[in-house]
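Protein chains: 2
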Amino acid sequence: MLHAVIMAGGSGTRFWPASRAAKPKQLLELAGHESMLRQTVDRLGDLVTPAQTLIVTNQRLVEPIVAQFPELPGESIVGEPCKRDTAPCIGLAALLVRRNDPDATMAVLPADHVIRSADRFQDALEQAAHLVDAEPDRIVTFGIRPSYPAEIFGYIQRGSRIDVRNGDAPAFMVKRFREKPDVTTATEYLSSGDFYWNSGIFVWKAKTILDALSQRQPEMLAHLQAIGDAWGTPQQAEVLEKEFTAIKGISIDYAVMEHAKNVAVIEAPYDWDDLGSWQALGRLLGTDHHDNTVVGRHLGIDTTGTIVRTNNEHLVVTIGLKDCLVVHTENATLVANKHDEEAVREVVKQLEARGWKEYL
Amino acid sequence: MLHAVIMAGGSGTRFWPASRAAKPKQLLELAGHESMLRQTVDRLGDLVTPAQTLIVTNQRLVEPIVAQFPELPGESIVGEPCKRDTAPCIGLAALLVRRNDPDATMAVLPADHVIRSADRFQDALEQAAHLVDAEPDRIVTFGIRPSYPAEIFGYIQRGSRIDVRNGDAPAFMVKRFREKPDVTTATEYLSSGDFYWNSGIFVWKAKTILDALSQRQPEMLAHLQAIGDAWGTPQQAEVLEKEFTAIKGISIDYAVMEHAKNVAVIEAPYDWDDLGSWQALGRLLGTDHHDNTVVGRHLGIDTTGTIVRTNNEHLVVTIGLKDCLVVHTENATLVANKHDEEAVREVVKQLEARGWKEYL
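Sequences listed follow chains A and B, in order.
The opening residue of the first sequence carries number 1 in this note's numbering; numbering runs sequentially from there.
The opening residue of the second sequence carries number 1 in this note's numbering; numbering runs sequentially from there.
Wrong hints could be hidden among the right ones.
Pairs of lysine-lysine residues, derived as PhoX-like cross-links and limited to a Cα-Cα distance of at most 20 Å, are as follows [as the list claims (entries may be wrong)]: (1) A/Lys261 to A/Lys242; (2) B/Lys248 to B/Lys83; (3) A/Lys83 to A/Lys242; (4) A/Lys322 to B/Lys338; (5) B/Lys322 to A/Lys322; (6) B/Lys338 to A/Lys338; (7) A/Lys357 to A/Lys23; (8) B/Lys322 to B/Lys338; (9) B/Lys261 to B/Lys207; (10) B/Lys322 to A/Lys338; (11) A/Lys338 to A/Lys242.
In case anyone wonders, no lab produced these hints; they're calculated from the structure.
This is chain A alone, in the form it adopts within the complex (with noise of 0.2 Å):
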């Protein structure tokens, strides 16, 4: 049986005004009338059951996620008393996995991807799973095709073509993980059609992923195995709080990934967007004719390229703009050019540096 490990940790600052710290970006309906965590574990249907369902977040939000899934056991959701990046996050959850499984295989899920169908998603999770019973040191990554020359995502290259059952989707081994390209370089990506976008899910044994950890990050294992050792024990919050703060934060790319030899990609075969930023907005619920976005009620006169999101109480009136983002929420209205949205996450290092914590 698969086990699920769901990343939820992030902080969605692109997505501030809508993102707080109380309330991130995983927690919004923003797409759909569910919260994108809520969308996230839906998504994986009768794959996983509860009991083998583990959310890591961040302290702060283990209580309004607990609320929100009271169909969870409690212990699945568990609260990192700081960042430390995914490596650190992904090694405790298998961790934690592998006490009460040996032999799990588990599947790493960003919380606030946008994946569209939840069957053809779980087609794939299930000949993932297949491909590493297969090889069971094997790591499986997703792919997607990619529609343009995206700077945005991270690159997968494929290389030699796996055997797979019938009805599956491709498969092949990564010959390279690929950093965000330049647009060049991205347009030689696409038009190779060697090359995937990264959509930062991975299915793996948990024993492989420690094994990883174990010969590139001993240092980051022994913390985490002390907070293994005394999980359950009264002694847990304590010593969680000291080893996990205690651990030098890297990403799972850069810490495992890159190093790895038994990497395969499966061709994914369902619609996949990271909603990396406002901007997505517009590729995810489409545009009008003025090819402007809108959620809630908004009034353009000349307005084009634009994304408005609010409620449907508080109007927004938009007149002679052109590529704004502009989004209202109860205590701070965010007027953008919405190619300077990277500047959004300024914002919020600048509203920590006043002090003003009501629109954290």
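For chain A, the structure is supplied; the task is to place chain B on it using the hints.
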């Protein structure tokens, strides 16, 4: 003793969303901590007593204005049943003023202009009253020395100089009124030195304006006289409704001023702004070193030439904006290119057409 007639019936739609039907521009604190109307009344100081102050507004605003001016007798606030432009408003006021004071001199003042300082303004009104005393059929206007070739104001061309008392402002006969010019013409006006901006403030005998209406607008005057005859009787409201509605709307400029013979202009010794639109807020409140004008809590990144108005709780963040206008109110936000602001009036029309009354 001078009478003051304050025209407070405007809808202020250019200041949407701050200005609403139930609380239009003249009732807002746009410049300073008091409403424009309150400042207009207070600016008169001891020159005009409460009993000699008349506020003409629309019927819906009588109640809030009565509440805002406890010092004024109830009959000092007159509500028009419908919009009929300035001539009927001024004609009715002249009739009501003359009932109590057949020889009355009255100043007609818009309720939504910015004037500094009150002392110099009172001096100018007193000088105007003196000029009317000297020639009872005289109409006195106030001209503002233009500081730039404005296309947004009407102009007054001055003629021969009128002798004034020691210490008085310069005064001239009016040669001609000029409508809002294009920029080339405005530039010529500016360099000629013979042109003033028309500030829309008049001083005259009530008799003078009624005589002029009798000559030029006999039908209007007949309606107004029917209202005057019923004033103070149980039929007042009914007759006002019927007769005022029957009047054909026309501005005092077209109805009277353009045909008037004995018109003087005093070179205003005070600073003036008609606060005609949001852009005026920049002129009025000044700009910071990024050329922005900000009221309320704002964080700007790469933002220039922009006007932001919010309160001290609701944060507005702007990124990569140039020459924009952002106005936050409780249930509506306007984001506009600053130069498209004439379209703000169009917004109000579209809101009416959609039946979105909560934003009007």
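Verification of the hints:
no., hint, in the structure
1, A/Lys261 to A/Lys242, "33 Å, violated"
2, B/Lys248 to B/Lys83, "10 Å, holds"
3, A/Lys83 to A/Lys242, "13 Å, holds"
4, A/Lys322 to B/Lys338, "13 Å, holds"
5, B/Lys322 to A/Lys322, "12 Å, holds"
6, B/Lys338 to A/Lys338, "18 Å, holds"
7, A/Lys357 to A/Lys23, "14 Å, holds"
8, B/Lys322 to B/Lys338, "9 Å, holds"
9, B/Lys261 to B/Lys207, "15 Å, holds"
10, B/Lys322 to A/Lys338, "13 Å, holds"
11, A/Lys338 to A/Lys242, "42 Å, violated"
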